[in-house]
Amino acid sequence: MGKRRRKKPAPAGVELNVEIETVGGRGDGLASSPMGRVFVPYTLPGEEVRVRLRQKRGEAWAAELLEVTSPSAQRQPPACGHFESCGGCALQHWQDQAVNDWKRELVIQALASRGLDCRPEPTVPGRPAQRRRTRLTARRGGAGMVLGYHGRASRQIVAIDACPLLTADLAALLAPLRALLGDLGTLGRDIEIALTAADNGVDVLLKGGALDLEARQTLVAFALQHDLARLSWAPLGEAAETVVQQRLPLVHFGEIPVVLPPEAFLQASAEAESALAAEVGEAIGPSRRIADLYAGLGTFALRARASVLAVEGEARAAAALQAAVDAQAGRLDVRVEVRDLVRRPLSDRDLDGFDAVILDPPAAGAQAQAAALAGSAVPRIAYVSCHPGSFARDARLLVDSGYELRRVVPVDQFLWSPRVEIAAAFDRG
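With this note's numbering as the guide, the letters of the sequence shown map in order to residues 1221 to 1649.
Source of the hints: derived by calculation from the structure; they are not laboratory data.
Don't be surprised by glycine CBs; every beta carbon is placed ideally from N, CA and C.
One thing to keep in mind: the hints can contain errors.
Keeping only pairs whose Cα atoms sit at most 25 angstroms apart, straight-line, the calculated SDA-like set for lysine to any residue is [stated by the list, open to error]:
(1) K1276 to S1374
(2) K1276 to M1255
(3) K1276 to N1420
(4) K1276 to E1287
DEER-style ranges, computed between Cβ atoms [as the list claims (entries may be wrong)]:
(5) R1536 to A1430: 21 to 31 angstroms
(6) S1494 to N1420: 12 to 22 angstroms
(7) S1333 to Q1465: 40 to 50 angstroms
The task is simple: from the sequences and hints, build the whole structure.
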């Protein structure tokens, strides 16, 4: 009996007409074809499109959109002229309510994949001009300095002159920064830029090569001209040095000011942060003794009117939180502990006597801490997550130990991207 011949893979470059069935978790349309499943960016369910196969993505194909031959009624003009070339946004072509419904569905699907039947609340919508932190790259080429974001799945820098996501303070700095960095010849070919709109001015961090005296003086003059709160510089891979500081950049959590360390984590939108804080407050209720785990700068700990143990693994964030507590001269009952909660989660014994726990882990989730909580008697848990998959995994651990997943609220903090934030409430049955 002869050997069965393997089916030859379809060559890249083949053009196809396909109908988009759904939108996948990365924001790409998904279609079936004789060549297998096809992912097509910037498409919507029900659309008929012509595509060109580009490369394999697992068992499927990633394709280039050539033409939308039959558009969806939910299609809208993008808000930005850089859409499709800039990799920062994936969903500007989709009407807002449809995106909100889709993000809610992402959470439902993640929970269902773990056997959890919970109907989230409607997605809290995002708005343009609310992003208060961003990272850009400036690159010197033959045509001069280009400042912008990376292209989609590319190392190419797409030059931008405006961004509808950014707060007005950040957007106003794009053109001046490009001009500034074009005049500096000592910072290296690529310069990484981190911008944060603090409550009292913009905090700028530049990462590049070595600074000479002339470049340092130019940076000082720029900071004064644009009234920056602080401008810092760091050689790539090294700690930041403050070049000029006109005032300490502050953020407020509730009424409590915190000095912002360079590159510290901060919720990307003040509006979204307020929505998450309201949900955390609802989840923990009138608890008197709270453990805030992955506390960061104190986003939730400093809003709580209770005795709080704030645990954070990043030393600079914990130090900033401690300084904020100390500045209140005893008016806050917050104790700060530096601890790696992945390697050393609080045990059920450590959690004895707490009325509530707040979890706000990074995208990887809090599996070790959730497992420890599963064996505890803590009555209430507020869980804030930026990843539906890791949240659903941890939720399964908690539900299996007797907690009720009482409330789930998606928050569209990252407008026009596939990402969704989650605020959830668990009660011990």
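Hint by hint, work out which the structure violates, then give me just those numbers in ascending order. Hint check: 3 fails alone, others pass.
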